[in-house]
Amino acid sequence: MLPQLASTAASFTRASSLVLKAGTDAHLYDDPHDADILRLLDSKFDAEKVEALTRLLALICQGSDVSAFFPAVVKSVASTNLEVKKLVYIYLVHYAEKRPDEALLSINTFQKDLADFNPLVRAWALRAMCGIRVFVVAQLMIMAVQKCAKDPSHYVRRCAATAIPKLYALNKEQYQNTLEELIGMLLDDKSAGVLGAAAAAFNAVCPDHFEILAPRFHEVCRRLGEVEEWGQVLLVDILHRYVVAAHGYPGVEDIGTDDGSKIPHDRACLLECTLPLLWSHNSAVVLAAARVHWTLASSEQLRKIVKPLLFLLRSSVDSQYVVLANLLTLAKEKPSLFEEYYGDFFVCSSDNYHVRAMKLEILAVIARESSISAILQELQAYINDPNRDFAADAVRIIGVCAKKHPSISFPCMEGLLDLVQGVQNPGSDQDRIGDGVILQAVLAIRSVASEHFSQVEKVFMRLIRDLDLIRVPAARAVVIWMIGEYSSKSSLVREILPTVFSYLASCFVDEENESKLQILNCISKAIVKCWNILGGSLKTALLALSYILDLGVCDVSYDVRDRARMLQHLMDLHRSSMIQGSSDISDMLKNTCLEKGLESDSNSSSNGNSKQLLRTVPNCLLAFPKSTSIPLLSLPARTFLLGSMSHVVNHCAPGYRSLPEPHSFTALPIGSTRGISELISADGTFTTEMMSEEVEEESEYTESMSSDGSASDDSYDSTTGLKIAGDGFTGSKGGEGEFLSLNESREVQGGLSCTGNDVSVAPLIDFSDTEATETFKPLGINEKQVPSGQSGISSLSMKSGDDFELWLASGSSSNKQASGVSRMSSGCLNLSMDSIKREPRKITLLDFTNGEGLEVKYSFCFGDPTCHKKMVWLKLYLTNRSSDAVSAISLKDTESELAKDVVKPRVVVLPSPELHILDPHQMREFDMYVDFQQQLVPVKLAINCNQNSFLVKIVPDVGTFLRPKVMTSEQFSIVESKLIGMFEITCRCFLDRRTKSQSLAELDADEEALAVARMLASRILSQINVFLVTATIPVYHEAISDDILSVHLKFSGETLVDDKLCLVTLTLELDPISNNASTLLVEVKVNCEDSVFGSNILNRFQKAVTEKQ
Amino acid sequence: MVDAFRMHILQTKDLGTCPVKQIGGCSFMYMRISNVYIVIVVSSNANAACALRFVVEAVALFKSYFGGAFDEDAIRNNFVLIYELLDEIMDFGYPQNLSPEILKLYITQEGVRSPFSSKPQDSRPPANATLQVTGAVGWRREGLVYKKNEVFLDIIESVNLLMSSKGTVLRCDATGKILMKCFLSGMPDLKLGLNDKIGLEKEAQIKARPTRSGKTIELDDVTFHQCVNLTRFNSEKTVSFVPPDGEFELMKYRITEGISLPFRVFPSIKELGRTRMEVNVKVKSVFGAKMFALGVVVKVPVPKQTAKASFQVTNGKAKYNATLDSLVWKVRKFPGQTEATMSAEVELISTLAEKKSWTRPPIQMEFQVPMFTASGLRVRFLKVWEKSGYSTVEWVRYITRAGSYEIRC
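Residue numbers (my numbering), protein chains in the order written: chain A, 1 to 1109; chain B, 1 to 409.
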């Protein structure tokens, strides 16, 4: 009874839901399998076909693979019903790439449709045909596009223009010239819509071929206003690039050139034509126009872009973030432009946090004496905002303003102090104000104090007085740090030191860790710095110090314990060195030493080191508290071209193009439609004049550079070096780092000497090759790596190589299991990893001409690193190319010093990178581990030598973000079968046969397959850190000669950061019939658990395959 | 991709704050529209502003097809249509024609309208009107015929105000838009004249006569619909255009000077001890006596621990709204040149825990004043030229709304 009831209830709800959804597509979406799709597809009636197709689309929507219906759908392509046609086209474009053979069946219909009288049908056919991306029909596509580019309907011509980038993406080189011709033709088109699409094609195919654009420049400029908005953006972009390439930026060079009248004309033309675009309602258009003005306009003209840009902030809420990011860059560059409009950057209640942060940043930049009071008032209002993060930001900005404008710094400081003390809101406690706000207020006071200490001295004194009121540990730490820092500078501070010290000592136990560390630092620092001027209070200070050191060494936290112990030793050394100078306190010191139970001979034993250590004492003590920089960092400066994606995310996106070099385009095309050759013959004298002038200019430029360089090189470097050392925070931090690494390196060196052997035993990397025997001769530095113990193995593989040649010659099938090449039962050869040559490329980091004789190179290392598994492994080669010795070499990571919240070092170099001296022509190498965190951001390093510092960058390579994962081919196929769907990405690329060595030309297919596979594997393995699982090569037999031979290479690896598996398969089809084709088709397939990383690695593989060596 | 978006954007607290984010090698741009997220994934250096703009336009297009709402249900109900439209408006990553009027000519699938939209069904254009796509003007098809040639102009302004508690104006501007509804035959050329300063001066120069007395407006910032000839605006300062058929937004502008505020608000809030508060708000309308405002709402924020409030009002109704933490005073019709007051006594619960001091958010106000523009903008003329020379009827409406109308207290 009950189940029956349930089932009726279920059917009832089902029925009612159907009723509700009647007349919508929703029922198709919810149960697409309801009907027999195949039957519907075969139906005579269009309505039923439409229903079948919508069901298929619904299934695609839900992510299921319905490519099985492909043949049935292709049959319907000939339908005359527009509705059916449209849906079929959508389906075709979606699946054609997967099933290229069946897709070919539809080509006929496309060609028929291209001759249809209805322009809409012609356009659709063209779009679908170019959308299916089947390589075989590329030639047909080109013809279709050529035909449609002359179509009477502008809609079809526009489709043709849009098809050009598709063709280009399909095959980059082959049709370049044809496509460029087409683009030229379409740029002349009378219809504005076509012009926009042609601009897109130009941008995609030949962004630097300005000779196409040059004769049409004025015409295109004139018609800019008619083009639809999306086209305008692209068109403005190419015109802008053209003007920069042809005429450079406005400035001094205008005066010198002969055709001074022409150059401003072109530039003025573009400026004039883009001016109206500033009133467009499309924010992208306005930004593009503003960018043109930004780079090319004079400063008076530039004012015109300000108001439209500011209006964008209000009129288009959707792109507010992007617009603000651009405005921020503009404001940083030229604050004067936006000075008077500060009111526009006041925060509205509806703005979200990121928008607010950027507005604040802009306010800080554009604040001037005249506007500062109004801005300050506004900022004060923000402090009461319910969003405490934002309030903290507002406080920070107050600090920045106060630092910039000394006139307001005193009232600002008063206000901040009130805030810290909670005076502004009597009865409210600090919980409500928020930790972040208080920390920022204290930090603001600190930053102002670092510049104008005399002004804030009194404020600071009050701050110390109220230290007890401050409850936020980080803020306390900062105040305590300041006490130590300014104890030597201010006599006022010095006077109260004894009281403060006893207060600090008394509350030490209850403090948080960071404050404890700062108390330790602060007191030691005060003692070191003011040893001679402290006078009577020195005794109190030493007592306080010994008290807290005693407490510190027994602390719960190991950080505090370590710091206390270190300081204890350092202070002992310091004291002993001071005793010699001042004997009157030596007694007391002796007492304290005894109190602590230290043996007096500890000094004598470490006397040799003590001097060196002593130097580092102040450095250690001056170290800046790490925690305080958390929210201090302001938004990073953006250097990319305005309006681009790269600018918004502040990261070089693939395909980013900066503006071309000024004057890089020197043809003289203005207003002329003559060929270039004719031009040269006609204006030969003129061009040579121009050229020579340019050369002169250039040489002058380089001359001035070189003279400048040689003269000021030293001074420049030394100043930067000084700057780094002199800068309170970074320099001292560096000091600490050095000091710590001194200890560390000793241990690690010991460790390394034993691990070195381990490395040499690992047989993963083999330098053997069947053809090149000379690789086994010692080849300079590289061979040093090859351990002597491996000679046995190498000779073995050498023999196997010979054997292999023998085998090839005889055609026998004797087994090669032990060697690099093994015979599989299925008539396939298997290539193992050992026989592949890996040649990592060396990249120059520092050239010896710049580095005063020091040459630094690096190369990525392949294989599994023995330590630092999560980091990228590199080898660093230091060579002294000069005749003098290079001394005091060290290496530092500049960025992690700035970002102090980094827990782990980003760069580890083993053995320690500190070399006292490097003799002429001596070479040293180091293992280096860098943590790129799977991001393509270069790591900046500073190389110090001979008291100079050179800033260099290590550019990451996606291929090294992997580590090889050893697995068998069975494991490989199991994992591969799991990682399908969205984890699988494929692409195709072409391998140029001609790039192979000449000797291959006369080899037969069998040998060629082997050679190609070997070359591919070596290319991949020397660029990407993966494990070669299998490489199967079919053996060529007479019997199966008409089969297509395909070579499979399988690689496996896992990501460094999160150990996600990444499998790559290369499939290469060797068709013995088309042996003379110049290119080979390689299909790359990536199965990766991390789909974003997968697409990156796919691109990397593609690059590695096609790279010409 | 979907996973990446879900993990790195939807599940972080950054959601909804930063519309552009980079994850791995891809940039994700997203936008939330009712309960739907629209995400654009870009792996190359695309134009971010362009992409965001495209989403806005595409959503507008979908809305015009679905007849109103754009939400999960609408997408489910129309997924085939969305497929077709997407195929048409975006080709290989390049945006195409997004104008609904033109697209409706050849994507003839009926959108499924949400049951609550009362908009009448348009008469469908004939399905074979395919050649219309090829018209010279991208946004208007040829051969339109209307019996009655009519143009409707709506000038909608919203006033943004921030006033300090002492009554000084901290910030004040009016943003306006001109909406146009065209039912005109053929290919008409329209010219719009406003009483803006630059336009009038230019005209005076041409006609060599002194500028007429009367109020002139300085239009600070303007943006125009695609159909407006921008080059002509640049040179002659006239707004001339060939309008698309139906409804569209002709221009947007902002005016910062000479704004006449429709209402003045005088608040006084006194805290009497720990448990009582006295709130007095006087609102004075300063627009013409013949006009009236509709739907006036004044929201006075009160602390969270409010227990109850008693009111005395001269006009309208007032009550305490606990979800908004504010006293809401509504007046349906508010004549010009009058004033109304509300006084309320608020009782607070005394909490033993630390008393969180109250930050006093600003008083907010909502209203609509028909036939009034805060900026004083007026349409002087709208000229229509067409080959056949028919006569047209023009209708102009003005309305002023409150944008963020806030008074600190």
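Bear in mind the hints are in silico, worked out from the structure with no lab data behind them. Don't take every hint at face value.
[As the list claims (entries may be wrong)] Lysine-lysine pairs mimicking DSS-like chemistry, simulated, CA-CA at most 27 Å apart:
(1) A/Lys307 with B/Lys333
(2) A/Lys172 with A/Lys870
(3) B/Lys308 with A/Lys304
(4) B/Lys282 with B/Lys237
(5) B/Lys166 with B/Lys197
(6) A/Lys98 with A/Lys1103
(7) B/Lys387 with A/Lys304
(8) A/Lys307 with B/Lys177
(9) A/Lys332 with B/Lys197
(10) B/Lys317 with A/Lys304
(11) A/Lys190 with B/Lys387
(12) A/Lys304 with B/Lys237
(13) A/Lys953 with B/Lys333
(14) A/Lys953 with A/Lys1085
(15) B/Lys282 with B/Lys308
(16) A/Lys307 with B/Lys317
(17) A/Lys307 with B/Lys197
(18) B/Lys166 with B/Lys147
(19) A/Lys870 with B/Lys21
(20) B/Lys191 with A/Lys190
(21) B/Lys191 with B/Lys166
(22) B/Lys237 with A/Lys307
(23) A/Lys1060 with B/Lys290
(24) A/Lys539 with A/Lys529
(25) B/Lys317 with B/Lys177
(26) B/Lys237 with A/Lys940
(27) A/Lys304 with B/Lys282
Okay, the hints, checked on the actual structure:
no.: 1; hint: A/Lys307 with B/Lys333; verdict: 38 Å, violated
no.: 2; hint: A/Lys172 with A/Lys870; verdict: 37 Å, violated
no.: 3; hint: B/Lys308 with A/Lys304; verdict: 55 Å, violated
no.: 4; hint: B/Lys282 with B/Lys237; verdict: 43 Å, violated
no.: 5; hint: B/Lys166 with B/Lys197; verdict: 33 Å, violated
no.: 6; hint: A/Lys98 with A/Lys1103; verdict: 22 Å, holds
no.: 7; hint: B/Lys387 with A/Lys304; verdict: 38 Å, violated
no.: 8; hint: A/Lys307 with B/Lys177; verdict: 17 Å, holds
no.: 9; hint: A/Lys332 with B/Lys197; verdict: 33 Å, violated
no.: 10; hint: B/Lys317 with A/Lys304; verdict: 49 Å, violated
no.: 11; hint: A/Lys190 with B/Lys387; verdict: 24 Å, holds
no.: 12; hint: A/Lys304 with B/Lys237; verdict: 16 Å, holds
no.: 13; hint: A/Lys953 with B/Lys333; verdict: 69 Å, violated
no.: 14; hint: A/Lys953 with A/Lys1085; verdict: 32 Å, violated
no.: 15; hint: B/Lys282 with B/Lys308; verdict: 21 Å, holds
no.: 16; hint: A/Lys307 with B/Lys317; verdict: 43 Å, violated
no.: 17; hint: A/Lys307 with B/Lys197; verdict: 17 Å, holds
no.: 18; hint: B/Lys166 with B/Lys147; verdict: 57 Å, violated
no.: 19; hint: A/Lys870 with B/Lys21; verdict: 25 Å, holds
no.: 20; hint: B/Lys191 with A/Lys190; verdict: 26 Å, holds
no.: 21; hint: B/Lys191 with B/Lys166; verdict: 45 Å, violated
no.: 22; hint: B/Lys237 with A/Lys307; verdict: 17 Å, holds
no.: 23; hint: A/Lys1060 with B/Lys290; verdict: 73 Å, violated
no.: 24; hint: A/Lys539 with A/Lys529; verdict: 15 Å, holds
no.: 25; hint: B/Lys317 with B/Lys177; verdict: 32 Å, violated
no.: 26; hint: B/Lys237 with A/Lys940; verdict: 53 Å, violated
no.: 27; hint: A/Lys304 with B/Lys282; verdict: 43 Å, violated
The structure shown violates the earlier hints numbered 1, 2, 3, 4, 5, 7, 9, 10, 13, 14, 16, 18, 21, 23, 25, 26 and 27.
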